[in-house]
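Protein chains: 2
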Amino acid sequence: MSILDSFPSLEVCLSPSLLHLYDTRGAIIVIIDVFRATSTIAAALHNGAASVVPVASVQDCITLGNSLPNSLTAGERDGQVAPGLQHGNSPLEYPSSFISGKTLVLTTTNGTRLLHMIKGADTIITGSFLNLSETCNFLLQQNKNVILGCAGWKDRFNLEDTLFAGAVVERIKDHFSVLCDSAKGAMHLHNQTDGNYIEFLKDSSHYRRLSAFGLQEEMAYCTTPDLHPVVPILQNGALVVNVS
Amino acid sequence: MSILDSFPSLEVCLSPSLLHLYDTRGAIIVIIDVFRATSTIAAALHNGAASVVPVASVQDCITLGNSLPNSLTAGERDGQVAPGLQHGNSPLEYPSSFISGKTLVLTTTNGTRLLHMIKGADTIITGSFLNLSETCNFLLQQNKNVILGCAGWKDRFNLEDTLFAGAVVERIKDHFSVLCDSAKGAMHLHNQTDGNYIEFLKDSSHYRRLSAFGLQEEMAYCTTPDLHPVVPILQNGALVVNVS
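Just so you know, the protein sequences line up as chains A and W, in that order. Numbering-wise, this note's numbering puts 88 at position 88 of the first sequence, and it's gapless, one number per residue. Numbering-wise, this note's numbering puts 56 at position 56 of the second sequence, and it's gapless, one number per residue.
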């Protein structure tokens, strides 16, 4: 028995299409959707939102928004606020003066889908550069198996989610058994950037896609570590600030 | 229309479980299984094998071996020659004095499965470090869309196949439209190694697994570029040396 066997495992799932290869039972799952769902979730909760409710479709978003008091609906399709919803999927849209005390009902394509696929997890949290250190601290405290789940783009590998997963692996790897090539690959990618994430990502497909909508400033924001130091944790279908 | 639009596309599929996301119709697919199927295929064909017939199961291998004249059966399970077969899955087992003129019927777990999943491709070839330059030259000559298909390990991402894909991307990217984050990620990984592939891979899961069977020398061989400069191409269910 090696010393590694006494550590919990740390794995990275690079796409929702690979999730079936991982044993999520009893594990902590970190949902990662850097551009931009999990960045927006961190910002909204840090700025005082009561909760963020992730839903799969625009229609679910509208229906739930109508039934929940003091709530806002939000979500984008193709870089625009989706028809029927009130707000977009940007961390910059939710300052404290606007979101404090409210419930944000949020529909996103990739992150929400991954979240709804997970079965039997001990805990589900969301991670982004905006809450990088808090995510790492939480995982170090729990001492459980961890799967970092990249939302990707329509089930494809993407660079920004993998880069964030690599940042987490680099920071906490000494306290986990890291036997998964995905985790090592993500860490190697991360360690190539010298921390200048946005420069590295300017060559990525999602950066190009969102740049066409003029969202460069937002993406720079989304890759800035620790602007919103909270741990969004899923409880009864809603993400709230972890207080343990 | 950008200049990129006039180039064929170059994409990397990191796992057979992601293949459904790619349009294989009319494309050249490069099957990659560095440890060790596609390395063995390059070595056997370069050393004079008449062809290599990839089959999915040990039983298929035995059946076909019995019916084909001048053939050998080969394949491993868990690092040992599979019961009922004659030889293993090592490029070092097939020197010219042994394999010349013979047909090698080969069963492997990951690479063969990927090969049989591909539909409608223009051309299927196999790639490995042992035939890296020939693979790149072939792709440059064809001027068609390319998908580099990593066999992975039981559908999981692995470092060695991704590293080879990255080596190909790095060499030929100026002649293709590379819009796929997987291709960029693979290239970034490759460019971290300074060409010392085996050192980089010593931390990989497959290296650990095969080291337990004493296969370090083989893995060093499998990561040496251009020892077997051929292009194995699939024709009528068998891999033969491309002569075009």
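Derived from the structure by calculation, the hints contain no laboratory data. Note that the Cβ used here is the ideal one computed from N, Cα and C, for glycine as well. Each hint should be verified, as a subset may be incorrect.
[As the list claims (entries may be wrong)] Coverage of chain W stretches by chain A, computed from C-beta distances (three or more under 8 Å per stretch; other residues unrestricted):
id : segment
1  : 83-96
2  : 109-116
3  : 140-146
4  : 164-174
[As the list claims (entries may be wrong)] Cut-off 25 Å, straight-line C-alpha distance, at most; resulting in silico cross-link-like pairs (SDA-like, lysine to any residue):
id : chain 1 : residue 1 : chain 2 : residue 2
5  : A       : Lys202    : W       : Gly88
6  : W       : Lys173    : A       : Lys102
7  : W       : Lys154    : W       : Ile62
8  : W       : Lys154    : W       : Gln59
9  : W       : Lys102    : W       : Lys119
10 : W       : Lys173    : A       : Asn191
11 : A       : Lys119    : W       : Asp203
12 : A       : Lys202    : W       : Lys173
13 : A       : Lys154    : W       : Tyr22
14 : W       : Lys154    : A       : Gly120
15 : W       : Lys154    : A       : Gly26
16 : W       : Lys202    : A       : Gly120
17 : W       : Lys154    : A       : Ala121
18 : W       : Lys154    : A       : Phe7
19 : W       : Lys202    : A       : Ile198
20 : A       : Lys202    : W       : Phe7
21 : W       : Lys119    : W       : Thr193
22 : W       : Lys173    : A       : His188
23 : A       : Lys154    : A       : Val81
24 : A       : Lys119    : W       : Val241
25 : W       : Lys154    : A       : Ile198
26 : A       : Lys102    : A       : Lys154
27 : W       : Lys144    : A       : Phe7
28 : W       : Lys144    : W       : Lys202
29 : W       : Lys173    : A       : Asp122
30 : A       : Lys202    : W       : His188
31 : A       : Lys173    : A       : Lys102
32 : A       : Lys154    : W       : Ala238
33 : A       : Lys173    : A       : Ile62
34 : A       : Lys173    : A       : Thr123
35 : A       : Lys202    : W       : Leu179
36 : A       : Lys144    : A       : Val241
37 : W       : Lys173    : A       : Ile198
38 : W       : Lys154    : W       : Asp203
39 : W       : Lys173    : A       : Phe7
40 : A       : Lys202    : W       : Asp174
Checklist entry - Are the Cα atoms of Lys202 of chain A and Leu179 of chain W separated by 25 Å or less? => result 12 Å, holds
Checklist entry - For the pair supplied as a hint, Lys154 of chain W and Gly26 of chain A, is the alpha-carbon distance within the 25 Å limit? => result 23 Å, holds
Item to check | Pairwise hint evaluation, Lys173 of chain W against Lys202 of chain A, where the allowed Cα distance is 25 Å at most | outcome: Holds - the C-alpha atoms of Lys173 of chain W and Lys202 of chain A are around 17 Å apart, at most 25 Å.
Checklist entry - Under the criterion that the straight-line Cα-Cα distance not exceed 25 Å, is the pair Lys202 of chain W, Ile198 of chain A satisfied? => result Status violated; Cα separation ~30 Å.
Item to check | Distance restraint between Lys173 of chain A and Thr123 of chain A, which requires alpha-carbon spacing of 25 Å or less | outcome: OK: Lys173 of chain A and Thr123 of chain A at ~20 Å, within 25 Å.
Next on the checklist: Just to be careful, I want the Cα atoms of Lys154 of chain W and Gln59 of chain W compared with a cutoff of 25 Å; is the pair within it?
Outcome noted: 20 Å, holds
Checklist entry - For the pair supplied as a hint, Lys173 of chain W and Asp122 of chain A, is the alpha-carbon distance within the 25 Å limit? => result This hinted pair is violated, its Cα atoms lying about 43 Å apart.
Next on the checklist: Please verify the coverage claim for the segment 164-174 of chain W: does it have three or more residues whose C-beta sits within 8 Å of some C-beta in chain A?
Outcome noted: violated (count 0)
Checklist entry - Lys144 of chain W and Lys202 of chain W: Cα distance at most 25 Å? => result This hinted pair is violated, its Cα atoms lying about 35 Å apart.
Next on the checklist: Run the distance test for Lys154 of chain A versus Val81 of chain A: straight-line Cα separation, threshold 25 Å.
Outcome noted: 19 Å, holds
Checklist entry - Are there three or more residues in the segment 109-116 of chain W whose C-beta lies closer than 8 Å to some C-beta of chain A? => result violated (count 0)
Next on the checklist: For Lys202 of chain A and Gly88 of chain W, compute the direct alpha-carbon distance and say whether it is at most 25 Å.
Outcome noted: Distance ~45 Å between Lys202 of chain A and Gly88 of chain W Cα, so the pair is violated.
In this structure, the earlier hints numbered 1, 2, 3, 4, 5, 6, 9, 11, 16, 19, 21, 24, 25, 26, 27, 28, 29, 31, 32, 33 and 39 are contradicted, and the remaining ones agree with it.
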